[in-house]
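Protein chains: 4
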Amino acid sequence: MLDATRNRTRNRVGTSQAARTQPSRLADLATRLADVRAATERLCEPLAVEDCVVQSMPDASPAKWHLAHTTWFFETFLLAPHAPGFRPYHPAWSTLFNSYYVAAGPRHPRPERGLLTRPTVREIHGYRAAVDEQVQTLLREPASAGRPGLADVAELGLHHEQQHQELILTDLLHAFSKNPLEPVYRDAPVPASSPQRMAWRGFEGGLCRVGHEGGGFAFDNEGPAHLFHLRPFEMATRLVTAGEYAEFVEDGAYRRPELWLSDGWAAVQAGGWEAPLYWEERDGAWTRFTLHGRLPLDPAAPVAHVSYYEAEAYARWARARLPTELEWEVHVRGAPVRGQFVEDGSLVPLSRGEAESPFGGAWVWTASPYVAYPGFRPVAGALGEYNGKFMANQMVLRGGSCLSPRSHLRASYRNFFPPGARWQATGIRLAR
Amino acid sequence: MLDATRNRTRNRVGTSQAARTQPSRLADLATRLADVRAATERLCEPLAVEDCVVQSMPDASPAKWHLAHTTWFFETFLLAPHAPGFRPYHPAWSTLFNSYYVAAGPRHPRPERGLLTRPTVREIHGYRAAVDEQVQTLLREPASAGRPGLADVAELGLHHEQQHQELILTDLLHAFSKNPLEPVYRDAPVPASSPQRMAWRGFEGGLCRVGHEGGGFAFDNEGPAHLFHLRPFEMATRLVTAGEYAEFVEDGAYRRPELWLSDGWAAVQAGGWEAPLYWEERDGAWTRFTLHGRLPLDPAAPVAHVSYYEAEAYARWARARLPTELEWEVHVRGAPVRGQFVEDGSLVPLSRGEAESPFGGAWVWTASPYVAYPGFRPVAGALGEYNGKFMANQMVLRGGSCLSPRSHLRASYRNFFPPGARWQATGIRLAR
Amino acid sequence: MLDATRNRTRNRVGTSQAARTQPSRLADLATRLADVRAATERLCEPLAVEDCVVQSMPDASPAKWHLAHTTWFFETFLLAPHAPGFRPYHPAWSTLFNSYYVAAGPRHPRPERGLLTRPTVREIHGYRAAVDEQVQTLLREPASAGRPGLADVAELGLHHEQQHQELILTDLLHAFSKNPLEPVYRDAPVPASSPQRMAWRGFEGGLCRVGHEGGGFAFDNEGPAHLFHLRPFEMATRLVTAGEYAEFVEDGAYRRPELWLSDGWAAVQAGGWEAPLYWEERDGAWTRFTLHGRLPLDPAAPVAHVSYYEAEAYARWARARLPTELEWEVHVRGAPVRGQFVEDGSLVPLSRGEAESPFGGAWVWTASPYVAYPGFRPVAGALGEYNGKFMANQMVLRGGSCLSPRSHLRASYRNFFPPGARWQATGIRLAR
Amino acid sequence: MLDATRNRTRNRVGTSQAARTQPSRLADLATRLADVRAATERLCEPLAVEDCVVQSMPDASPAKWHLAHTTWFFETFLLAPHAPGFRPYHPAWSTLFNSYYVAAGPRHPRPERGLLTRPTVREIHGYRAAVDEQVQTLLREPASAGRPGLADVAELGLHHEQQHQELILTDLLHAFSKNPLEPVYRDAPVPASSPQRMAWRGFEGGLCRVGHEGGGFAFDNEGPAHLFHLRPFEMATRLVTAGEYAEFVEDGAYRRPELWLSDGWAAVQAGGWEAPLYWEERDGAWTRFTLHGRLPLDPAAPVAHVSYYEAEAYARWARARLPTELEWEVHVRGAPVRGQFVEDGSLVPLSRGEAESPFGGAWVWTASPYVAYPGFRPVAGALGEYNGKFMANQMVLRGGSCLSPRSHLRASYRNFFPPGARWQATGIRLAR
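Protein chains in written order, with this note's numbering: chain A, 32 to 463; chain B, 32 to 463; chain C, 32 to 463; chain D, 32 to 463.
Don't take every hint at face value.
If several chains are the same, the list does not tell them apart, and a pair holds so long as it fits within one copy or across any two.
[What the hints assert, rightly or not] Cross-link-like lysine to any residue pairs, in silico, SDA-like; alpha carbons within 20 Å at most: (1) Lys420 with His121; (2) Lys209 with His139; (3) Lys420 with His190; (4) Lys420 with Arg149; (5) Lys420 with Ala284; (6) Lys209 with Glu154; (7) Lys420 with Ala111; (8) Lys420 with Arg463; (9) Lys420 with Pro137; (10) Lys209 with His121; (11) Lys209 with Arg149; (12) Lys209 with Gly233; (13) Lys209 with Gly237; (14) Lys209 with Ala61; (15) Lys209 with Pro140; (16) Lys209 with Asp90; (17) Lys420 with Pro449; (18) Lys420 with Ala349; (19) Lys209 with Pro77; (20) Lys420 with Arg286; (21) Lys420 with Ala297; (22) Lys209 with Met88; (23) Lys420 with Arg178.
I should point out that these hints are in silico values taken from the structure, not numbers from a laboratory. In this text, all values refer to a predicted model and were calculated from it rather than measured experimentally.
Excised from the complex, chain A in its bound form (with noise of 0.2 Å):
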């Protein structure tokens, strides 16, 4: 967000307008704002009550917490500043609903999101449809127009709405994956993927041009636009599949230390690990636990909830390596971005070729460290937390998953996730 500010600001200076927002541009964000939202309660619309409320593990949420949080998020950065007269809907709730903005004000400690039992999943309804009541009259009032400032955050709310429906999906699978009933999610046909043809595609290297730049949304640690010296490269032209992944395990590669890293062989060790998060041998063959139930391993899809250790240990099995995060985005550039899964808030089998995107499958573990690009400078205030304060022990993960939003992906996007996550979409495609 930052950067598409600096740069729409860098555009306009020495106009008069720099300050005006086009109301054009006001009206299509409330529209897509109305739209995403509403998306995001369609996914909530299979759960009972019970599965709002769970937090299974520190690092996920609870349902009930991710609608509360999104709208917090439109209530302290958007309406708090520029809704006249603003009051909040609760003053306790900005405590309990902040994620980790510190100049925001006091936060409630993250592992005990889920012994909130109050304020109930009807009461979190009440108070969406409050805050959206708010912003969409904001929106679309004339005097809207000169609020420097109010585009940009309705449209960082937004697209940090999208990346929650993301976590609601895999916070909510990892929660039902704790229950020996295994419920499912919705039903649904899962066809089998098509096996395709696993290739090489070279890359010439040298000068490029790489991070955000242009028009268009992008997080602030997207940019800014550099210069990289790359070497010449090969990349694979999909995704390491299931079936080629079970190859590793049978192979016996989670006894075998030297495949690993130092840290990764000590996360094997430590939790147990035999292979990827929700795969379960029965009856003498593999099946993983997804939304949709426990299903067969289907060997040609995208292997997924593997760490970057075991994508790491896969690579060097298979004598090859893992991307950069500037080599991916190079391969990417010009491809299209097709294929995703989560469209209006359903979830939408991937059809035949799909695959082959560089977005949609899982998200792509990079050999890449989260860190700021050269010139990285976060904005000032409570909003210059979304992303630089968590530059430390993380990897950059490129591409999307199967239940990333389609209009949130872009070339440019930097996912991270801690080298030991598991519970995401993350997947492994090799490079050389």
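Chains B, C and D: place on chain A using the hints.
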């Protein structure tokens, strides 16, 4: 229970009816069971669905789990062996709702009870209704009189249900206490307690007979009755009050290691204890969090939510000591049972004078570790695990609390918790 | 000690000499003290400097620390109050070598005892020599007879030193066991034990008098003597042997939760226990690690290095139970004290027949939690912390082990350790 | 090393001597090795035996272990493959002193290094002497010139030994810091540093070549040399001083979460950090614990013993940032290597002006996570584990400290530690 069984059987040896139960006993049990089961559900009426799901610490359980587990108890120990044509309500639930009975099959891990979003609360109520109907049918069927053990298991199940009624409330209080919104379980006027003069009542000691004997229900750990030689002792005529305990706190007790057992001091430091659980200083005055919300401290009410370590340190500070469980039992024999709090599923405030009862204000930590009485022998089978396997690292509590059902308490009843537990309504009565 | 003091004082009430000690008692104490102190040092003779520094777990202490702490005890409780012109040997050492006496000032954290490379072993020996010399001078000085408490503290220090002699060996054994080189403390022929027939000896019970009384030293926790009503019981004529325990192991006991207390089973799983501490299967046969190195299991020797949980589970498996501490004491009154192992600083193998003694094979876990006897009152001051503050979460052990100094044991002696402790020479005697 | 090998080999391709080493190189190595090995032992001269045994935290190792492990390295990688008739000095020691080389066999658990009382320090010195003699013999034997890889492993072992020289001192400092007696490693006058003006030096950036190339030794992770595009930047002319850092502390930095990375703030709170490691306020003034004992803070000396998190927060507070490792390398090329501290096993105080050197004051935390350079490939076999397997969750440090041997440092050297590590002599140089 087991002891009661033994006693009753022993009386009947030599008659041809040894194995038969009086039909009137079964009818009476059916009526009492219906009442007790309904009372459990009334306790849950003020709860939102969300309140029923949460487990706020490994020692506590969600209300939903309590509702299901007590039902599982009847299904497993009453219906399965006795109901003709018995079929389990749901095959997987016997694992989910088994608390600790090794001999009754595998169990779901206790700290993960709060992760089970399914079955839903509504489904659990369906389970309760179905099992209740079968239990009532079974108990009222003429042929049941010929089933040995049936009445005793029903009686045990009834008392088991009452134990969980108290746990539903203490676990809920703990969960609510973790919510900054400080939810209220039920609004109620809480009249201030009347101050009562503290006095000592002397006992002569000598060779006393203690433990359960004669008619009426008792758990196996309350017997066998046996002789014990007691030195003369004095017992306080009432529990230690919150006001008295506040003096201890204000005397710096939580910063003075010389007042504490070695393990007690370690608990103070590890837990950061500065006062009883749920006490908080607000605007310079003590408050306590209760099921009626946060209230000012009532100095004349019994102190509650202290650990054994705190009770023991308080006694040292007050130049007295905690009574042994047998001193307590000798002291109470003959005293009327009154002053309980939960009567029929409603919270009933204590009336004047009731704090003097040995029952009902707060559980009394005794100086006695929980061990078997001489000659104790648990029954064969899974129900033998009811009490005996916990005979390590726990202290005996006597009396009962404002949250204990009235008909559940008696002079020989032995409650037990680890010395560091504070979430029960546990208090102090001094001896010397 | 305190009890001894009280008794002796009581006898002398009414005489003008109440505060005076017999000079012959002081001279005798001086002689015995010199012997005991020298024995401690002989125990350390086979040790390399390196062996004296290491703390292999928080419960254990380095030999160097034991050497210093026992010296600190004399300096703090004997010299400081009684020696004219007393000056501490080194001002900072009183903090370093205080074990737990709150009233004696601050302490160095127990788990960090193994981090103290200085003072060196040589410096500690200098400390011992200097304090010993002052103690001898003080005890042999005529004026000392007029110092109340002096003799009692000296006697207490002597027994305290003997307690630490045993700990030096058990802590060392633990440290050596963590070294894959399996160091040997002292080579010695270890003759095989003679198998002894197991039998039961009956006792009538009734009202018994237990606890220390009369002359001779005793710790405060051994009194007051008091009446206790015992049911008739039977006691095994010897300890459970390693061969018998091996049957328990081979019967799958460590995989059968129904044999264990709930906390015991948790300990088995958390610790990965599969046999007593120091047992290991090598080439298909059991071996045990000892101060003489790794040896084959001697099936006729008493089993040792089992926790209370293992002892309790074994008893259940063997259809018996553990004795209470008072049953043990009643059983042993009148039996001669023989069969100890550490006599004068050397390890002396047990000779034939000695295993039958109630003392000296292995400490016996009793079914009794460690609590105060009725009427127990610790003395004022720091020495009152010697025993009383540990009266929680520990079980009483009776008898003594092959590592206990001969003169240290008696029928009323109450040793105590947490139920999960295994690094002491702790075994099993059955009752029923 | 591997890179050096590759470069050198590449140069010689096509000659018939490809596999032969110059005898003069071997003789030179033998001489340098003898010096370096002797310097290690001189570092240990001031230590008591007790000082050599202790492991004060899992990350540190006892001096004894360092002495043995560096010897094991020569035995395993030099003697075993190259010395005719090689026999291991002690068969079990290869397990005890293997640090992490999976391919070199099993290892003793790192956190238990401090539990090994045997072999004794004297025995380890015997081991060193025996291996040194064999190494010298081997290197000086004419036939050795024909052994491919021999010289490179010897060179690697030499630099490995130097790395451990620094660790011996930092680990010892940590162990001494846990002793309330605050032992002194070596008394020495520590002259106050001269204050130096802080300035910025500008660099143009552009396409730079970085990484090791050409002659001379380098570890494998320093290459391959490659192109990198740098933006213009400025580098501070000296390290941040203790006096400057004290201002940061006194500005409340350790209580202001907005200054920290999210993981950094968590580390501050979990560790109770309030200042750099070893700083303590005494009588209202800052002191620091050093190998010369506790000293007053020298405000002009470089701050040391800060974690990456502290360095990063300091830079934010100072409105600057940390340099990337490649900025640092570009900045330093051409600067003379001077100012080191450990020259020949003695601590040499820094003389005036030396703090300006990029080497030798304190290691500089860079903003670069430790990852492979493009095209990096570890060699086959156990030595391939030297660096590559640690490429996760660590940050690169550049430069060197007052404890680093002079000949060990160079512009391409990449040191690495986890971002929370503080026991190394790690400091801060600002960039912008």
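Tested hints:
| no. | hint | verdict |
| --- | --- | --- |
| 1 | Lys420 with His121 | neither (28 Å within a copy, 48 Å between copies) |
| 2 | Lys209 with His139 | between (24 Å within a copy, 10 Å between copies) |
| 3 | Lys420 with His190 | within (19 Å within a copy, 37 Å between copies) |
| 4 | Lys420 with Arg149 | neither (30 Å within a copy, 37 Å between copies) |
| 5 | Lys420 with Ala284 | between (35 Å within a copy, 16 Å between copies) |
| 6 | Lys209 with Glu154 | between (27 Å within a copy, 19 Å between copies) |
| 7 | Lys420 with Ala111 | neither (24 Å within a copy, 49 Å between copies) |
| 8 | Lys420 with Arg463 | between (32 Å within a copy, 18 Å between copies) |
| 9 | Lys420 with Pro137 | within (17 Å within a copy, 40 Å between copies) |
| 10 | Lys209 with His121 | between (33 Å within a copy, 18 Å between copies) |
| 11 | Lys209 with Arg149 | between (23 Å within a copy, 11 Å between copies) |
| 12 | Lys209 with Gly233 | neither (43 Å within a copy, 54 Å between copies) |
| 13 | Lys209 with Gly237 | neither (48 Å within a copy, 53 Å between copies) |
| 14 | Lys209 with Ala61 | neither (39 Å within a copy, 37 Å between copies) |
| 15 | Lys209 with Pro140 | between (22 Å within a copy, 10 Å between copies) |
| 16 | Lys209 with Asp90 | both (15 Å within a copy, 19 Å between copies) |
| 17 | Lys420 with Pro449 | both (14 Å within a copy, 17 Å between copies) |
| 18 | Lys420 with Ala349 | between (35 Å within a copy, 17 Å between copies) |
| 19 | Lys209 with Pro77 | within (18 Å within a copy, 28 Å between copies) |
| 20 | Lys420 with Arg286 | between (36 Å within a copy, 16 Å between copies) |
| 21 | Lys420 with Ala297 | between (26 Å within a copy, 12 Å between copies) |
| 22 | Lys209 with Met88 | both (10 Å within a copy, 17 Å between copies) |
| 23 | Lys420 with Arg178 | neither (28 Å within a copy, 52 Å between copies) |
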